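> The lines below spell out each chain.
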Amino acid sequence: MLVSSSSPDSASRAAIRLLKEWLPGASAVEGSGDLELSSRADQPQLISAEIVEGKTLRAVRVPDVTRTMISGFGAFLDGTQKVRLIGRHFGVPIVLGTTSAAVRVRVNRRLVTWGHQPPRLEQKLYLPLKYLPPLTEALGAGSQRKYGQFQVVDTSIPDASGAYPSEHPTVLLERAIRAVDRQRDALEDELAEAWCARGEAPLFIDGSITRSPHAAASANAIGVIKSHFTLYVEGEALRTVVGLAKGERSSVFQVTPKSRSAVMSWYLRQRDPEGHDVLWGLVRVEMSRCDNPTERADEISRWVLAETSPLALPDGRWDKMSYGIRDAEEFLRAIS
Amino acid sequence: MTEALGRIVATERKPNTPHEFHFWTAIDSPVGIGTIVRVDGANPMDGQIPHIYGIVVEGFSYTDLQSPMHDVLGHDGLPTMASYSVTERAEIRLYTAAVLRQIPEEPLQPVPMGQVFLAEEADVQVALRMDSYLREGANTGIPIGVYRAGGTEAVIYLDADFLLGPEAAHLNITGVSGLATKTSAVEWLLASMFRHFPEDKGSIAAVCFNVKGPDLCYLDQPGKLEKSDEALYEKLDVEPKPFQKVEYFAPYNAKGLALNTFRNNEALLDNVTPLTWGLREVLQFAEVLLNRDDIDAKADALIDFIVQNVVDKEFSDPLLSKKHTVQSFADLDAWFRDVLRGMEQKDGESWRTHHVATIRKMRNRLSNISTRCAGLVTDSGAVSDLPFGSFEDRTVYVVDVANLEEDAQDLIFARIVSKLREHLERRDLGVKHLVVFVDELNKYAPGDGPDTYVRKMLLDIAERGRYLGLVLFSAQQFRSQVHRRVVGNSGTSLFGRMDPDELSTPGYAVLSPATRTKLATLEKGQLMIRHPHFTQPIFVRFPRPAVMQGREGSERYPQAGDVSLDAAILRALRPLDPAITLPWVQEITALFTQEEVIRARNATLLARPENVKAYFSAQFRKIIPAQPATRPMAASIKSAPENDPYGF
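Sequence order for the protein chains is G and H.
Under our numbering, residues 1 to 336 are what the first sequence spells out, in order.
Under our numbering, residues 1 to 648 are what the second sequence spells out, in order.
Since the hints were derived computationally from the structure, they do not count as laboratory data.
Just so you know, these numbers come straight off a predicted model, no measurement behind them.
Heads up, some of the hints might be wrong.
[Said to hold, decoys possible] Anything over 12 Å on all C-beta distances counts as not near chain G; from chain H, calculated:
#: 1; residue: 44
#: 2; residue: 146
#: 3; residue: 235
[Said to hold, decoys possible] If you anchor each label on the Cβ, the simulated ranges turn out as follows:
#: 4; chain 1: H; residue 1: 517; chain 2: G; residue 2: 274; range: 14 to 22 Å
#: 5; chain 1: H; residue 1: 66; chain 2: G; residue 2: 107; range: 37 to 45 Å
#: 6; chain 1: H; residue 1: 40; chain 2: G; residue 2: 274; range: 51 to 59 Å
#: 7; chain 1: G; residue 1: 272; chain 2: H; residue 2: 504; range: 43 to 51 Å
#: 8; chain 1: G; residue 1: 256; chain 2: H; residue 2: 40; range: 51 to 59 Å
#: 9; chain 1: H; residue 1: 40; chain 2: G; residue 2: 160; range: 50 to 58 Å
#: 10; chain 1: G; residue 1: 24; chain 2: H; residue 2: 60; range: 46 to 54 Å
#: 11; chain 1: G; residue 1: 29; chain 2: H; residue 2: 80; range: 26 to 34 Å
#: 12; chain 1: H; residue 1: 44; chain 2: G; residue 2: 13; range: 36 to 44 Å
#: 13; chain 1: G; residue 1: 272; chain 2: H; residue 2: 80; range: 18 to 26 Å
The C-beta atom is built at its ideal place from N, Cα and C for all residues, glycine as well.
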């Protein structure tokens, strides 16, 4: 997932012009960069997971790792989002969210866009309609509410308990950002499921595959997670993971997130962490559950290690990022 | 319609302009330096989709790699590891093209965004403005070669009005030696011109000065062609045949026995004519052979006096011991001696306003000419020349001066060009347009050095020749060292493979680095062309000339070595009459001096009589064969006469 920062674009200007027509009190926000969440709802955490390869979590040297090993991945999936505060209406934030996702297929060692499903690109206005003057006339009715060229997402709908969000501008802004996040996830899942339905080759997915039951159950969807906000190890297992050397993986364990699909997972050290942070070059790999986790984890680990060349530089996350994912992000940056 | 092969891109740092644009292509696209492309604009202007034609002048390739060090790190410092990467980095092929033409031409705007297509044959014609002279009613196109890119193969035409006048004229070729570019290109272009020059524009011929090697000596002999050449000939609508009408001219060697040319093999002598001049012809161009210090007003006046009053006239003067009729250098020397003798006797310092020192100096210089130009200048005054006044259409006249001393070369060049010019001015040369080909312009028209007679003549042709129909095709290795007014007046310029040092001179700064690199690596048979209709240089491929190359010719027809006088006479006369034999020649010439025999030979070759034997024999003075003495014997006296006072 990429959160980019860029100067105001033509879409932002078009959106604010439109809003000014319908919301006379709206004012444009100039020079707003792309927004990220200022805080997360949950804290960094350690969670114990069920070991499915052996009794205890241990370091395993991935066998047959050579300079000439090949990768079984046939394509790479990634999504991006841009969240921009384009205006305010008496303090109420007006957010333009751009989400995109694409599958880049490897053909003759070069990456091209998957022909069966075009890349997804959506631009939506994220508005807390409860706190704005009625726009029903302009929006029309139904779930596909449109405002001019933009679809509108209401960020002020009540939660499960029926409570509306606070009118605090920061709360409303964070609600908008989370809504854009979800939209990007939805686009990625849509493409992942379409890929798995065709069953052509394993797909390298940037992030977790647990959101989509289809992806989580498919042998062709492999999730590679670069961020470790949640570590699925505790105690001695944690020391084992942070102590992994280059080319080593952890034992396979099962991840069962709440309201998501269960998958098998393991940690893999892609680069030598000597002199770096303990999480340097460390990724967590997810795959669908299977009967032979050891062989499968070794095979997929070799593929992931093979994808470390060429380097994903100049991206700052190059220690964990594969070049295919960087290519997908650059592609999405170009089209969005 | 073909598929687009590129897209226009423009950034603030690299914007498109009315004369330049940028586009990218797929990695495997057939675009390269020199490729002609067409851009279709996205938005109509005045109801017309704009089309922009351009030629690729620069190319860039790069990846998303920010620093070379990243690649080193990514492959652990081992270059061989790079080939094992499962993915190739994203890579771009970005090209810069120079605009050839925009349609509509007004208003002239920066190139718009749009798709880029490989130019097809029709596009090439429009891009290079060839449509204006290939249309019905004009038809002045002269094929120069074929442009190739991707699947496109388009004939490139030069406009005859801009190659041979009157709009512009002259052609200059530059290229390193030894790559069969300069001479081959001229041979090919002459063949193309002879085939395609419009009939309604009149007749055309060429005079080629062969200044080095045997390359121009076998233009009438078939050469070896490959299939690819034959295909090019067919595409260019020119028959792959040697020139049908070629005439060779060469002076004799210093001994006067054999022609001083690579083409003096007996099998090829039928269209080789000796080039010999007498005193009158040489004196008109004495300036060519005299250096700047020799020629002053006084010397000039004396030469003029001699030409006007002495040569070919019966000249008498009280100072002289006898009447003189000066027809040769020998006669002239006798005349000089008589004048100087008379002045000495009279103890005078001047004669007829000419100072004795001037007379002595001119005697010295002029007498020397027959030695310096031996073989060309005859003492006898016999003249064998180019057929001024009866030049024939589509004929090549080759003057072989390759083996001559520099002085003789200069004299030949100066006199022939002057005569050509005179006849063209009078419109009585025999043809309306004449191409003069001169190689080694670095030598004959250098940018620096003394202002020689030959350089002045070349400048004169370059600047005024097109009005007369006199067109200069010139060639050299280093264009930068040729006089600027000669190359500057060449409407059309061809470039073969170039020397990198030459390319680094300021004259080539207008070319992009990529174009210069391509010029430095051109293959045989490739040329870069600049022509008044083309706003940018174009690369073409031309076929190998359908004539025998110099090396092959000199192997198949070896140059004749030194021969005896009899053999030389036999060799010269047998093309006129194959029945002539060596014994016959020996019998006829046995009693005469070498000078007399050579004079008879020259007269016969000049006259080309029907009965060669009779004509040749008639050139010798009558010699009554010696006979035994037949003094009548006195009758013997039988007895003394009577009354003889002395009798016994």
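> Each hint: holds or not?
Evaluation of the provided hints:
1. 44: holds, 23 Å
2. 146: holds, 33 Å
3. 235: Per Cβ check, residue 235 of chain H is outside 12 Å of chain G; nearest 35 Å; holds.
4. H:517 with G:274: 14 to 22 Å: For residue 517 of chain H and residue 274 of chain G the Cβ distance comes to about 46 Å; the hint is violated.
5. H:66 with G:107: 37 to 45 Å: Once the Cβ atoms are compared, 25 Å apart, the range 37 to 45 Å for residue 107 of chain G and residue 66 of chain H is violated.
6. H:40 with G:274: 51 to 59 Å: The hint (51 to 59 Å, Cβ to Cβ) holds, given that residue 40 of chain H and residue 274 of chain G are roughly 57 Å apart.
7. G:272 with H:504: 43 to 51 Å: Roughly 49 Å apart at Cβ, these two residues keep to the hinted range, so it holds.
8. G:256 with H:40: 51 to 59 Å: Taking Cβ atoms as reference, residue 256 of chain G and residue 40 of chain H lie about 57 Å apart, which means the hint holds.
9. H:40 with G:160: 50 to 58 Å: For residue 160 of chain G against residue 40 of chain H, whose Cβ atoms are near 56 Å apart, the range 50 to 58 Å holds.
10. G:24 with H:60: 46 to 54 Å: Since residue 24 of chain G and residue 60 of chain H have Cβ atoms about 50 Å apart, the given range 46 to 54 Å holds.
11. G:29 with H:80: 26 to 34 Å: violated, 53 Å
12. H:44 with G:13: 36 to 44 Å: violated, 27 Å
13. G:272 with H:80: 18 to 26 Å: 21 Å Cβ-Cβ, so the 18 to 26 Å window holds.
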